[in-house]
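J.: Produce the entire structure from the sequences given, and follow the hints as far as they go.
There are 2 protein chains.
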Amino acid sequence: METTIRNKQVILKHYINGFPEESDLMIVTAPDTMELKVKPGSSTILVKNLFLSCDPYMGTFMREPDSGSSEVAVETLSLLDAFIPGKVTTLHTQTNTWLQLAIVVNAFVQPIAGVGVSEVIDSDDPCFAKGDFVWGIVDWEEYSTVNSFGRFKIDISINVPLSYYTGILSLTAYAGFFEICSPKKGEAVFVSAAAGAVGQLVGQFAKLMGCYVVGSAGSKQKVDLLLNKFGFDDAFNYKEEPDLDATLKRCLPQGIDIYFENVGGKMLDSVLMNMKVHGRIAVCGMISQYHTETQEGIKNLPVVVYKRIKMQGFLAFDFIDRFPKYLEFVLPYIKERKLVYVEDIVEGLENGPAALVGLFRGQNIGKQVLKIA
Amino acid sequence: METTIRNKQVILKHYINGFPEESDLMIVTAPDTMELKVKPGSSTILVKNLFLSCDPYMGTFMREPDSGSSEVAVETLSLLDAFIPGKVTTLHTQTNTWLQLAIVVNAFVQPIAGVGVSEVIDSDDPCFAKGDFVWGIVDWEEYSTVNSFGRFKIDISINVPLSYYTGILSLTAYAGFFEICSPKKGEAVFVSAAAGAVGQLVGQFAKLMGCYVVGSAGSKQKVDLLLNKFGFDDAFNYKEEPDLDATLKRCLPQGIDIYFENVGGKMLDSVLMNMKVHGRIAVCGMISQYHTETQEGIKNLPVVVYKRIKMQGFLAFDFIDRFPKYLEFVLPYIKERKLVYVEDIVEGLENGPAALVGLFRGQNIGKQVLKIA
Numbered sequence: 001m002e003t004t005i006r007n008k009q010v011i012l013k014h015y016i017n018g019f020p021e022e023s024d025l026m027i028v029t030a031p032d033t034m035e036l037k038v039k040p041g042s043s044t045i046l047v048k049n050l051f052l053s054c055d056p057y058m059g060t061f062m063r064e065p066d067s068g069s070s071e072v073a074v075e076t077l078s079l080l081d082a083f084i085p086g087k088v089t090t091l092h093t094q095t096n097t098w099l100q101l102a103i104v105v106n107a108f109v110q111p112i113a114g115v116g117v118s119e120v121i122d123s124d125d126p127c128f129a130k131g132d133f134v135w136g137i138v139d140w141e142e143y144s145t146v147n148s149f150g151r152f153k154i155d156i157s158i159n160v161p162l163s164y165y166t167g168i169l170s171l172t173a174y175a176g177f178f179e180i181c182s183p184k185k186g187e188a189v190f191v192s193a194a195a196g197a198v199g200q201l202v203g204q205f206a207k208l209m210g211c212y213v214v215g216s217a218g219s220k221q222k223v224d225l226l227l228n229k230f231g232f233d234d235a236f237n238y239k240e241e242p243d244l245d246a247t248l249k250r251c252l253p254q255g256i257d258i259y260f261e262n263v264g265g266k267m268l269d270s271v272l273m274n275m276k277v278h279g280r281i282a283v284c285g286m287i288s289q290y291h292t293e294t295q296e297g298i299k300n301l302p303v304v305v306y307k308r309i310k311m312q313g314f315l316a317f318d319f320i321d322r323f324p325k326y327l328e329f330v331l332p333y334i335k336e337r338k339l340v341y342v343e344d345i346v347e348g349l350e351n352g353p354a355a356l357v358g359l360f361r362g363q364n365i366g367k368q369v370l371k372i373a
Numbered sequence: 001m002e003t004t005i006r007n008k009q010v011i012l013k014h015y016i017n018g019f020p021e022e023s024d025l026m027i028v029t030a031p032d033t034m035e036l037k038v039k040p041g042s043s044t045i046l047v048k049n050l051f052l053s054c055d056p057y058m059g060t061f062m063r064e065p066d067s068g069s070s071e072v073a074v075e076t077l078s079l080l081d082a083f084i085p086g087k088v089t090t091l092h093t094q095t096n097t098w099l100q101l102a103i104v105v106n107a108f109v110q111p112i113a114g115v116g117v118s119e120v121i122d123s124d125d126p127c128f129a130k131g132d133f134v135w136g137i138v139d140w141e142e143y144s145t146v147n148s149f150g151r152f153k154i155d156i157s158i159n160v161p162l163s164y165y166t167g168i169l170s171l172t173a174y175a176g177f178f179e180i181c182s183p184k185k186g187e188a189v190f191v192s193a194a195a196g197a198v199g200q201l202v203g204q205f206a207k208l209m210g211c212y213v214v215g216s217a218g219s220k221q222k223v224d225l226l227l228n229k230f231g232f233d234d235a236f237n238y239k240e241e242p243d244l245d246a247t248l249k250r251c252l253p254q255g256i257d258i259y260f261e262n263v264g265g266k267m268l269d270s271v272l273m274n275m276k277v278h279g280r281i282a283v284c285g286m287i288s289q290y291h292t293e294t295q296e297g298i299k300n301l302p303v304v305v306y307k308r309i310k311m312q313g314f315l316a317f318d319f320i321d322r323f324p325k326y327l328e329f330v331l332p333y334i335k336e337r338k339l340v341y342v343e344d345i346v347e348g349l350e351n352g353p354a355a356l357v358g359l360f361r362g363q364n365i366g367k368q369v370l371k372i373a
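Protein chains in written order, with the numbering used here: chain Y, 1 to 373; chain C, 1 to 373.
Zero decoy hints are in this set.
Copies of the same chain are indistinguishable here, so a pair counts whether it falls within one copy or spans any two.
Straight-line alpha carbon distances no greater than 27 Å define the calculated BS3-like cross-link-like pairs of lysine-lysine that follow:
1) K185 <-> K310
2) K310 <-> K299
3) K220 <-> K266
4) K325 <-> K338
Bear in mind the hints are in silico, worked out from the structure with no lab data behind them.
T.: Next up, the structure:
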């Protein structure tokens, strides 16, 4: 194996204002070579990245952080911050097209980052050894020098696809559904973006709990998946429903006990009208609102008072101590094929920008993963 | 004492669309006489009403219930429903003014209702005896025939003003602050409508817990009360603050751990921008949104995800089992005058409509109570 490489990376070209586009990101090759060894005494770990997770929150990290709320923002995420645009210049070529060429002015230019699965190539940390597989936050690049903070060793004896650590094993669906919503048998559950990485699992968990579960998605193909593959009791294509309130009343005439929220906006407003007393809303995301010019205001919030609704935002990472318990719960279902898990795997770092921004147009079916090695 | 009377009542004249006005309510005298005795075998209790509570939610009961969401609404409140307008006609008099005269077409015309404190005049229920004092939901009228469901006997040995059972002893501030928000010493608390019935108590409870507490209110007089009587650390008149986000950043530069929500609208949107990670919002009410033609949409809800905010609506009645525990907590503070409680007491059933609708213009200072006997 070669011992020095020039690292390929995905960087943010500039902060975005509106919708993320593929052209907001670019692939660069680091100008300096990188030795595939850690420095003795550095306590660092050198990893080769294998799978990178594409997640909706990453779009929000492409915007300039609001300086006004910086005091509050500082403590928000301990592991991930808004992406830092790379210093790049563009050169006009003879063919009159724009060739985008990165000139890394700053040696510490930061790739974008997210959850990934990696293989340890070299380690100066006694807890990790060459050949270990790990998951945690990594930069979008071929090789990364990382530390042990928030890095978890994968037990390969568990014997599930490594990509599962970016999705089905990532606690999000479990934490939101079980920890935030405390479901009970027979309750009515509604899941938006139900064919996505998290929604598909929430729907199946709800069925395992004996709930009645309805999902929404953005295409006929996805609705078919919900009904025929994931076992939802009912499902609809929200793009073909002019009156979401009426749609929810049709699908859930008795009201909704649990709403697993992935989209926000009009859907949330309609759901609020249909929530039952003592309903619970796990707020996993509000993807419809991340990149709109003017956000849609939620008008029906006053109902949370008399319906005594609990709405709670969460990040899976806050529930990391439940990971062993979750594995104990979910692995038997995976092994016995009682849980279906659909991944949308794209290969090659160079296809990362398209895969990531495709999320915001709902192009993925199931969990969007980028396989880079 | 006379044994038959003609009962005076406050009824809703018609469903309202916009802001409640005094003229939407009227005082009527029942056409039939009422005997001040219960029917043997009826298990009922005849009470003379002494104090009636004026509460913001009562304004929402003056609107026609949304028939579309009736299946959901049915189970919402077990004790109280939207008010039913009385059948009244208006007669044109010689003086060319409108004299409003109630002709009670339906013998079962319903007065408006709310929490009240009453004295038992006669009882066919073995749990209640003549001379007992009780609190619970009663109609707005001089005498009511009620049953024991949701009716609580007052232990007069506790020796606090009877009106306190409509306010300081009603669990709302306690349930929202302690049960929903789980405050910790040193946390930053913000209370809107802080000079009102509930806000004044939340602020004082927060100080007792060792929190830093800031309140908002709608007049200089109320702000003075917050600072000089209730012991808030800081306070502002929201009507004089053009940029609520900036105001909150000035008063609470480190952000807000706990928001006790009474108003909704723009205030909530600004608070969301200033909430800290793992912040909690007890949603007691959203009075600014109850009677607007078009509700202000809340645009900053997506922050609940990365800040992991819990927002929870509640009604004090759900916490009724904590009542003994609450009395144990609060009575020593009342007796030792370590809790201040301001009531705005209006006398006479005929002044009830003005007192009730005054709430929606913030005319009350402290808890608005109607004393009728």
